[in-house]
Amino acid sequence: MQFFQNTHINFIGIRKIGYIISATLIVISLVSLVLHGGPRMGIDFTGGTSLDLAFAQSVSASELRNSLSDIGFGSAEIKQVGLKEANEFIIRVEKMEEGTEAGQVIEAELTQDFPNNTYEIKSVNEVGPKIGGELGRAAILAVLISLLGILIYISWRFEFKFAIGAVIALFHDVIITLGIFSLLNLEISLAVVAAFLTIVGYSINDTVVVFDRIRENLKVLRRETLPNIINKSLNQTISRTIITSLTTLIVVVVLFLLGGEVIHNFSLALIIGILIGTYSSIFIASPIVLEWQSRADEKKSRSTLLHKSR
Amino acid sequence: MQRSYIVKVVLVLILLIVAGYSLYPTFQLSGLNRKETEFIDKIDSLTRLNKIEIDESLTAGDLEARIRKAASGDSLNDALASAAELLDLSAKIEKIEKRAIKRGLDLQGGTYLVYEADLPQLLRNVAKNKDDRLEDIISATKNTVEQGGDDFFSVLEENFKSRNIEMNRYFGRKGQTNQDIIQELKDESQDAVNRTLEVLRNRIDQFGVSEPSITKQGANRIVIELAGVTSIQRAKNVISSTAQLEFKLVQKSDIIWSILDDIDRVMRVKQKGDALADSTVTQSQADTAQFASGETAKDEEVSLDDLFGEQTEEVEQDTTILVDQNTFSDKPFTALLRQIPGAGYIAVPLQNVRAVQRIINLPEVQAVVPSDVQFHFGTEATVYGEDRFERLYLTKKEPELLGETLSDASVQISGGTQSLRAGAPYVSMELNNEGAKIFSKVTGNNIDRQLAIVLDGKVASAPVIQTKITAGSAMIEGTFTMEEAQDLALILRAGALPAPLYSITENTVGPSLGRDSIKRGANSAVIGLALVILFMIIYYKAAGIVADFALILNIIFIFAVMAGFHSTLTLPGIAGIILTVGMAVDANVLIYERIREELKSGKTIRAAIDAGYGRAFTTILDANITTLITAVVLYSFGTGPIKGFALTLSIGIIASMFTAIVVTRLIFDIITSRYAIKKLSI
Chain Y
35 MQFFQNTHIN FIGIRKIGYI ISATLIVISL VSLVLHGGPR MGIDFTGGTS
85 LDLAFAQSVS ASELRNSLSD IGFGSAEIKQ VGLKEANEFI IRVEKMEEGT
135 EAGQVIEAEL TQDFPNNTYE IKSVNEVGPK IGGELGRAAI LAVLISLLGI
185 LIYISWRFEF KFAIGAVIAL FHDVIITLGI FSLLNLEISL AVVAAFLTIV
235 GYSINDTVVV FDRIRENLKV LRRETLPNII NKSLNQTISR TIITSLTTLI
285 VVVVLFLLGG EVIHNFSLAL IIGILIGTYS SIFIASPIVL EWQSRADEKK
335 SRSTLLHKSR
Chain S
8 MQRSYIVKVV LVLILLIVAG YSLYPTFQLS GLNRKETEFI DKIDSLTRLN
58 KIEIDESLTA GDLEARIRKA ASGDSLNDAL ASAAELLDLS AKIEKIEKRA
108 IKRGLDLQGG TYLVYEADLP QLLRNVAKNK DDRLEDIISA TKNTVEQGGD
158 DFFSVLEENF KSRNIEMNRY FGRKGQTNQD IIQELKDESQ DAVNRTLEVL
208 RNRIDQFGVS EPSITKQGAN RIVIELAGVT SIQRAKNVIS STAQLEFKLV
258 QKSDIIWSIL DDIDRVMRVK QKGDALADST VTQSQADTAQ FASGETAKDE
308 EVSLDDLFGE QTEEVEQDTT ILVDQNTFSD KPFTALLRQI PGAGYIAVPL
358 QNVRAVQRII NLPEVQAVVP SDVQFHFGTE ATVYGEDRFE RLYLTKKEPE
408 LLGETLSDAS VQISGGTQSL RAGAPYVSME LNNEGAKIFS KVTGNNIDRQ
458 LAIVLDGKVA SAPVIQTKIT AGSAMIEGTF TMEEAQDLAL ILRAGALPAP
508 LYSITENTVG PSLGRDSIKR GANSAVIGLA LVILFMIIYY KAAGIVADFA
558 LILNIIFIFA VMAGFHSTLT LPGIAGIILT VGMAVDANVL IYERIREELK
608 SGKTIRAAID AGYGRAFTTI LDANITTLIT AVVLYSFGTG PIKGFALTLS
658 IGIIASMFTA IVVTRLIFDI ITSRYAIKKL SI
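Line by line, the protein sequences are chains Y and S. All the letters of the first sequence, read from the start, carry residue numbers 35 to 344 under the working numbering. All the letters of the second sequence, read from the start, carry residue numbers 8 to 689 under the working numbering.
Fair warning: there could be bad hints in the mix.
Using C-beta positions, here's what the derived DEER-type ranges look like [stated by the list, open to error]: (1) S/Ser146 with Y/Glu168: 50 to 56 angstroms; (2) Y/Ala142 with S/Ile172: 40 to 46 angstroms; (3) Y/Asp147 with S/Asn452: 29 to 35 angstroms; (4) S/Phe34 with Y/Phe205: 40 to 46 angstroms.
List of simulated lysine-lysine pairs, DSSO-like, C-alpha gap at most 27 angstroms [to be verified]: (5) Y/Lys253 with S/Lys99; (6) S/Lys102 with S/Lys193; (7) Y/Lys266 with S/Lys607; (8) S/Lys526 with Y/Lys113; (9) Y/Lys164 with S/Lys193; (10) S/Lys49 with S/Lys15; (11) S/Lys149 with Y/Lys253; (12) Y/Lys164 with S/Lys149; (13) Y/Lys118 with S/Lys149; (14) S/Lys223 with Y/Lys164.
Think of the hints as simulated: they come from the structure by calculation, not from any bench. None of these values were measured; they are calculated from a predicted model. Where is the CB? At the ideal position from N, CA and C, for every residue including glycine.
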């Protein structure tokens with residue numbers, strides 16, 4: 035069985051269409067991010083408290099809110115999750131002063147206000163503002179360091195122009211995934227950042243496979259022009275790119291459907307990232323290499339012209 | 008088959024055997040855990056105890072006593088029988104657990120807490136004089152650090168410098184340099200964190216957690232992980248209560264003997280049945296208890312059931328205890344204990360500790376122990392000869408002195424005295440006025456007796472009182488190593504912490520969510536794996552089967568490496584494995600696509616396979632190394648759950664390179680060399 039046999043798609047010819055699509059997606063992403071005042075960060079980064087409680091008997095969100103307003107948490111975000119019969123609620127409050135123990139205050143209040151309706155604690159997460167800020171910085175640093183590491187490795191193994199293509203494609207992937215999260219008003223948790231880094235790793239993997247083929251073809255087909263070599267390489271690797279994306283997508287979709295609430299956003303980020311990453315390794319990374327090369331050629335020819343005129 | 012293949016096949020087989028060996032405990036453990044839950048459920052249903060209480064008393068060693076209080080009649084007997092089996096089982100689990108994959112807190116339920124030393128408060132506490140300027144500097148420092156600034160102390164030094172204020176106005180001695188003062192303050196904060204660590208480690212047994220983890224993170228943070236503890240409130244109550252330091256007199260030896268004697272009598276009665284009770288009582292009164300010495304004991308291993316006079320079914324190695332054969336039938340309790348010459352405590356061989364705890368907690372035994380006597384174990388095990396022992400002390404119940412009366416304790420180096428050679432460390436402690444008065448009375452009245460230093464119910468040390476101490480300043484001598492002396496001083500100072508701790512992160516996962524996560528994670532993994540396997544077979548036919556074989560091998564290797572390093576599996580970790588499944592086939596896809604191309608260009612099967620593997624190799628290497636870069640960065644920057652993800656992902660990437668490049672190649676080579684294949688099923 036084979037999906038793609040002897041394809042002759044002129045990827046380089048249609049690269050402008052790719053640029054337009056990417057530019058549109060990036061603009062939409064940035065606009066959404068600006069309108070929402072940046073990505074919606076979860077309490078892992080902002081600090082705050084989140085409780086996941088399953089009540090024994092039915093209770094409504096407004097009853098819970100009434101109870102919480104007695105202790106000054108009337109503005110808490112209260113969301114029912116799971117099946118209606120499960121009576122499971124996620125209660126979240128914003129960051130507070132260091133050392134305030136919102137989780138316990140809320141637990142105590144609910145126990146007192148609903149004496150006949152016991153609840154089971156599914157999870158409690160309390161993050162101080164300080165550690166939240168630290169985690170945020172660590173996450174940004176982690177993304178930057180891995181980008182730098184990739185830039186260095188690819189410059190070493192290939193050429194600098196390839197590294198530029200790869201890193202631009204990665205920025206492209208992360209910005210669009212962030213944008214989609216922002217559009218869907220989903221929260222960035224620590225796990226989602228991990229997913230972003232995985233996307234970086236995955237997308238680079240795809241890109242390197244294509245680059246590798248370009249490098250090989252550059253040696254074999256010395257007379258061909260760069261656009262033709264890139265086109266040929268993309269067509270030769272398209273089958274593998276699609277198959278691998280497919281197998282990875284299969285497992286991630288399964289994870290999204292069956293993995294449960296805890297890793298829902300994580301697997302969603304991966305799904306988006308894999309799709310975007312596959313697209314960008316074909317339509318962004320390699321064309322950028324070409325653009326960079328022609329820019330350099332132009333400069334070179336200009337400088338030779340200057341030399342000649344002298 | 009060619010020679011080189013045989014070497015490779017043997018290599019792969021050896022790896023598989025090693026993997027199997029490394030995975031066996033994990034495999035065994037899952038069965039035992041299931042059994043344990045069954046027993047706990049059973050006891051839960053038979054008694055008034057709930058699961059948490061059962062769990063707690065399992066570690067505390069008083070399960071039997073509590074069951075007796077919480078049940079009656081037939082259900083009591085059933086519950087006791089289950090309890091005995093449960094105890095055996097949990098001892099076994101404890102042993103195996105150290106060699107198995109750990110489940111993360113998010114999978115088994117538990118509490119994760121991060122505490123930080125309150126450095127601003129520390130400064131306020133140690134400052135010589137306090138004014139608005141100092142307060143201003145402290146709060147400015149605090150703000151800068153919270154905005155993502157540098158290390159607290161370097162910011163502090165900067166702030167003093169920029170205001171042109173010498174630090175010695177507030178800290179240290181006159182004329183001392185800023186640098187020296189900063190160093191001293193750093194030492195002070197380190198000391199505070201270390202003392203707290205010591206206190207917490209000592210206390211953590213109360214939780215009934217099999218593998219509690221208390222670690223220092225960075226300079227002034229403490230990370231506490233308590234698997235199975237799901238009430239933050241309870242955890243924090245134990246953690247944040249101040250350490251209870253008491254000084255208690257150790258009972259005189261004749262009283263200790265007679266108590267041990269009484270316990271022996273009770274146990275003998277328990278063993279032989281009530282009918283014989285009277286006759287044995289008279290006999291034992293004439294015959295005082297005596298220990299076997301640590302060296303001469305004729306040790307014999309017997310089953311716990313022998314001791315408790317219950318039906319013995321199967322004597323298993325893990326549940327045996329060490330008793331002195333000479334005295335076992337006559338003195339069932341003292342037979343479990345050992346005497347070490349010159350030691351001021353009773354030595355309990357480690358494997359007997361549970362049994363001794365069980366006996367001490369038996370209601371019958373409690374009835375014969377005088378009400379002013381208390382049993383205390385030592386803070387840590389001691390080594391004598393080749394064996395390890397827990398120290399057991401019998402002290403007065405009422406403390407003579409409380410830790411609050413202590414003002415300071417430190418390690419000093421002896422200049423050489425009658426009893427202490429020069430250069431030997433000793434611990435000196437200072438008491439406040441009130442403490443000095445009491446201490447003078449206690450030491451005066453009890454010369455030559457031992458005074459136990461008890462921290463949170465455990466004896467740190469029990470020095471002998473040599474003279475009456477009136478000045479409120481005492482020396483504790485002993486054959487301390489420097490480290491031991493420091494630990495003791497640390498414990499003595501634990502009463503009042505100069506830098507309070509506050510929690511900066513708390514995370515609790517309930518057991519039901521943990522179970523749910525495991526189930527969901529396992530389901531997704533199995534279904535995802537099945538789909539990928541199916542896809543590969545449909546798309547690549549026979550070659551797909553080879554790739555699937557490599558995939559399964561890959562997963563086995565991931566788990567084996569995790570078990571080998573006793574790593575923690577978290578839910579994100581499972582996600583990492585699932586993602587690896589998707590990505591692991593990539594290497595084979597690359598190779599197979601290449602082989603197909605080579606076949607199309609008219610190469611022979613052997614040549615196509617050679618070219619496919621050869622050409623795909625650099626691609627696989629480059630692609631995987633870049634992915635590995637991000638995984639490693641993720642591991643070093645991430646916290647708990649993210650580390651778990653990065654770990655499985657990294658192991659998976661490396662394992663997939665091995666299985667795809669070496670193992671599948673081997674299979675192709677063997678097949679093509681043995682059979683004359685005309686058409687490759689790919």
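Here is how each hint holds up against the structure:
no., hint, in the structure
1, S/Ser146 with Y/Glu168: 50 to 56 angstroms, "19 angstroms, violated"
2, Y/Ala142 with S/Ile172: 40 to 46 angstroms, "45 angstroms, holds"
3, Y/Asp147 with S/Asn452: 29 to 35 angstroms, "56 angstroms, violated"
4, S/Phe34 with Y/Phe205: 40 to 46 angstroms, "45 angstroms, holds"
5, Y/Lys253 with S/Lys99, "63 angstroms, violated"
6, S/Lys102 with S/Lys193, "40 angstroms, violated"
7, Y/Lys266 with S/Lys607, "16 angstroms, holds"
8, S/Lys526 with Y/Lys113, "24 angstroms, holds"
9, Y/Lys164 with S/Lys193, "21 angstroms, holds"
10, S/Lys49 with S/Lys15, "51 angstroms, violated"
11, S/Lys149 with Y/Lys253, "60 angstroms, violated"
12, Y/Lys164 with S/Lys149, "11 angstroms, holds"
13, Y/Lys118 with S/Lys149, "46 angstroms, violated"
14, S/Lys223 with Y/Lys164, "18 angstroms, holds"
In terms of the numbered hints stated before, the structure departs from hints 1, 3, 5, 6, 10, 11, 13, listed from lowest to highest.
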